[in-house]
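Undergrad: If you want the building blocks of each chain, they are given just below.
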Amino acid sequence: MTREYLFAGFGGQGLLFSGKVLAYKGLIEDKNVSWLPSYGPEMRGGTANCSVIISDEPVGAPIISNPDVLVAMNLPSLDKYEAAVKPGGTILVDSSLIERKVNRDDVNVYYVPATKLAGENGAPTLANMILVGKLLETYGEYDAETVKTALGKCVSARHADLLELNLKAMEIGRDFE
Amino acid sequence: MADKVLMKGNEAIAEAAILAGCRHYFGYPITPQTEIAAYMAKRMPKIGGTFLQAESEIAAINMVYGVSSAGKRVMTSSSSPGISLKSEGISYLAGADLPALVVNCQRGGPGLGGIQPSQSDYFQATRGGGHGDYHMIVLAPASVQEMAQLTIRGFELADEYRMTSMILADGTIGQMMEPVSFDFEIKEAPEKPWATTGTGMKRKHNVVNSLYLSPEVLEIKNIERYEKYAKIAEKEALAEEYMLDDAEIVIAAFGIAARVAKNAVNAARAEGIKAGLIRPITLWPFPEKTFKKVIGTAKQIISVELSMGQMIEDVKLATECKVPVSLCYRVGGMIPSPEQVYAAIKEAAEKAGE
Amino acid sequence: MVVFERPHALVDIPLHYCPGCTHGIVHRLVAEAIDELEIEGRTVGIAPVGCSVMAYDYFNCDMIEAAHGRAPAVATGVKRADPENLIVFTYQGDGDLASIGTAETVHAAARNENITVIFINNAIYGMTGGQMAPTSLPGQVTQTSPYGRDVTQCGYPVKVCEMLSMLDGPEYLERVAVNNVKNVRTAKKAIKKAFQNQIEGKGFSLVEVISSCPTNWGMTPSKALKWVDEAMIPYYPLGVYKDRSAGIVPGAKEEAK
Chain D
398 MTREYLFAGF GGQGLLFSGK VLAYKGLIED KNVSWLPSYG PEMRGGTANC SVIISDEPVG
458 APIISNPDVL VAMNLPSLDK YEAAVKPGGT ILVDSSLIER KVNRDDVNVY YVPATKLAGE
518 NGAPTLANMI LVGKLLETYG EYDAETVKTA LGKCVSARHA DLLELNLKAM EIGRDFE
Chain P
378 MADKVLMKGN EAIAEAAILA GCRHYFGYPI TPQTEIAAYM AKRMPKIGGT FLQAESEIAA
438 INMVYGVSSA GKRVMTSSSS PGISLKSEGI SYLAGADLPA LVVNCQRGGP GLGGIQPSQS
498 DYFQATRGGG HGDYHMIVLA PASVQEMAQL TIRGFELADE YRMTSMILAD GTIGQMMEPV
558 SFDFEIKEAP EKPWATTGTG MKRKHNVVNS LYLSPEVLEI KNIERYEKYA KIAEKEALAE
618 EYMLDDAEIV IAAFGIAARV AKNAVNAARA EGIKAGLIRP ITLWPFPEKT FKKVIGTAKQ
678 IISVELSMGQ MIEDVKLATE CKVPVSLCYR VGGMIPSPEQ VYAAIKEAAE KAGE
Chain X
275 MVVFERPHAL VDIPLHYCPG CTHGIVHRLV AEAIDELEIE GRTVGIAPVG CSVMAYDYFN
335 CDMIEAAHGR APAVATGVKR ADPENLIVFT YQGDGDLASI GTAETVHAAA RNENITVIFI
395 NNAIYGMTGG QMAPTSLPGQ VTQTSPYGRD VTQCGYPVKV CEMLSMLDGP EYLERVAVNN
455 VKNVRTAKKA IKKAFQNQIE GKGFSLVEVI SSCPTNWGMT PSKALKWVDE AMIPYYPLGV
515 YKDRSAGIVP GAKEEAK
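For the record, the sequence lines run as chains D, P and X.
Take 398 as the starting number for the first sequence in the numbering used here and just add one per residue.
Take 378 as the starting number for the second sequence in the numbering used here and just add one per residue.
Take 275 as the starting number for the third sequence in the numbering used here and just add one per residue.
Just chain D, with the same shape it has in the complex:
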């Protein structure tokens, strides 16, 4: 099985980081993975995206035309990629930043006010991880142990305090109804 994820939003929202945590989780579970960022000046606040592929087969092209999962953290990203999502796929919307609804009825849509929740829970920069928590939960793939290990691989040792906060954010996402 192969699942392709596209994280899209503004630079600075931590999209590349959330993709990395997801990819590491795949690696820990012995899957084939690839992680491909958009790069260039947009990392200073323009649009940014990150493609992650997790597969039982060797990963071919790391570039995604039609994602199974879209995580949209701003309106331009939803506008741009909504139509590309595979039928039967999943769209996660940060509903505190995107007011409109998804127009398609052939995909599973989850609205999570991630930025708002992040602010309320003392982790204003971790809306991205709330969405990853929710994403894993919707696929029934939130394994606490693996998540923690994956986070440990992505957060450097000198920011150990951030590890707990990231974990908390993911749990908020997981538990959000």
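A couple of the hints might just be wrong.
[As the list claims (entries may be wrong)] The calculated DSBU-like cross-link candidates involving lysine-lysine, where the alpha carbons are at most 35 Å apart (straight line), are:
(1) K428/D x K579/P
(2) K728/P x K428/D
(3) K483/D x K669/P
(4) K728/P x K669/P
(5) K564/P x K550/D
(6) K423/P x K483/D
(7) K581/P x K476/X
(8) K545/D x K423/P
(9) K433/X x K579/P
(10) K423/P x K605/P
(11) K728/P x K670/P
(12) K419/P x K476/X
[To be verified] Short derived list, chain P residues pointing at chain X, Cβ under 10 Å:
(13) I424
(14) S445
(15) M685
If you're looking for bench data, these hints aren't it; they were derived computationally from the structure.
Since this is a predicted model, take the numbers as computed values, not measurements.
Think of the CB as a built atom: it goes at the ideal place given N, C-alpha and C, for glycine as much as any other residue.
Fit chains P and X to the supplied structure of chain D, relying on the hints for placement.
TA: Relative to the frame of chain D, chains P and X by itself:
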């Protein structure tokens, strides 16, 4: 998973170089390869190595020339416009028969071009790039694992043949993360009795030089170098073959283009089209023998490139123009989609069936 | 009995330089310094592109021929390859060091790279047959300034020691000449000091040697030496421009001293 880490292609090159015993890196910032410099800046001081941000690409390649003259494994990295600047130094390295590793993480050109991935430095890499008759060994990784593996191989080949190895990567492979294992067996650098390490008052002085004012001598130097190149072409050409045995439509693609093409070949096979792939891993020497194998069985070859058609010339030469060769491309930083390549395969298959 | 001998660090072959050229003198001074400091076995010299391109044949130590202007970068590489052991010098002309290689010169100095630079300033491109150099004097007639160097069109000469002395990096900068016995003696001391500094790890040391080029200046050797006194030295005053260890640091604020 135990021994694998998730790493960017550029970082994998840097780590592999350190494993290969490279303790000297010189570079100048340019997107999309700066992670190599950043990695080296962090690691080299901790292992007694040298990281130096040079005043220019030109200075960097000449610092490489200096370290190589002194007999140590050394590298520099850049992206397309920077490689043009280094080309003078690369020619001198060739003329002085010095080993070195140069990484080109290609971006769109010409001129300042763009910063997105490209393969349009193929001619520059395989034909030399600088002035004079010479070649580099050109290695084209298609994964982060290969970024590491071919970096190590590049150092080994450079030392063995006393010439420059170039890693011809692109922005995508450089920027993407994949799991990579660094479990390599590495050949140590051979003795370098020609190096300028000081005579110790025990031998005649060594001279590292590319100047030969006598045309008779310079001619012999060039001919000898090309005899060495012929041996390398015979021995070191390398390609991956994928579903080639019964392939009627053969894709030729390297690096990121080959990754995309593989998806398309799989899709075509699922539709019953006999498609296959040749992925050159060495671009110089070009894996001619692999291409010659499909003369007679292939009805069409499609060269998939992130250029206006550069490798396609080598494909035609290798197949002696006995198989029709077409081009499927995107340029300027764009990458062909698997769908685009699949459509090209399908069209070729339909034409071949007529 | 004192016998005037060839320094060991010079190879026993005829030099290719023109009659009256001062490269031969400077080669000898460099070789004497290497001999006296007993460093030949660990010295690596870098030859430039220019008249002294074949210096790699003349010095007995290991030698490297560099691309035009790049000798300080090559020297940086060699020095960094074995900083504890190797003594590295470049030998460069004015076109090489002050025109095409300006960036490499300035940045090696700014880094205080622990190397020795011997800079031959003869105000002309010799090897290519007498074209205007970055150090050609205002009004100087050359093949490419046939009506005299017109500073309104091609600017002013580059004064290397003065320019580099404004940098915090370099350890030692001195301008000398080799047009008479007294000046040759001073030059010898300066060159030896530039190597000694490197041995002591003090850093970038450059000796600019005002030299003559009778062939391309269109003068007899003796006239050329006179022209050094009358035209070159007034424009390029001799002396120490920087010697950090001796407290000679121009441009430094009082409190910085």
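Undergrad: If a hint holds in the structure, say so; if it doesn't, say that too.
TA: Quick rundown of the hints versus the structure:
For the hint linking K428/D to K579/P, the alpha-carbon distance of about 58 Å lies beyond 35 Å, and the restraint is violated. The straight-line distance between the Cα atoms of K728/P and K428/D is roughly 39 Å, outside the 35 Å bound, and the hint therefore fails. The suggested pairing of K483/D with K669/P is violated, with an alpha-carbon distance near 41 Å, which exceeds 35 Å. A distance of roughly 22 Å separates the Cα atoms of K728/P and K669/P; the hinted pair therefore holds under the 35 Å criterion.
A threshold of 35 Å between alpha carbons decides the hint, and for K564/P with K550/D the separation of about 31 Å falls inside it, so the pair holds. The suggested pairing of K423/P with K483/D is violated, with an alpha-carbon distance near 48 Å, which exceeds 35 Å. At most 35 Å may separate the alpha-carbon atoms for a hinted pair to count; K581/P and K476/X meet this at roughly 30 Å. Taken as a hint, the K545/D and K423/P pair is honoured in the structure, with Cα atoms around 30 Å apart against an allowance of 35 Å.
About 41 Å separates the Cα atoms of K433/X and K579/P, which puts this hinted pair outside 35 Å; it is violated. Proposed proximity of K423/P and K605/P is contradicted: the alpha carbons are some 38 Å apart, above 35 Å. With a C-alpha separation of about 22 Å, the suggested pair K728/P and K670/P falls inside the 35 Å cut-off, and the hint holds. This hinted pair checks out: K419/P and K476/X have alpha carbons roughly 26 Å apart, not beyond 35 Å.
Because the beta carbon of I424/P sits about 14 Å from the nearest beta carbon in chain X, more than 10 Å, this interface hint is broken. A least Cβ separation of about 8 Å between S445/P and chain X falls short of the 10 Å threshold, and the interface hint therefore holds. Hint status for M685/P: violated, given a least beta-carbon distance of 31 Å to chain X, over 10 Å.
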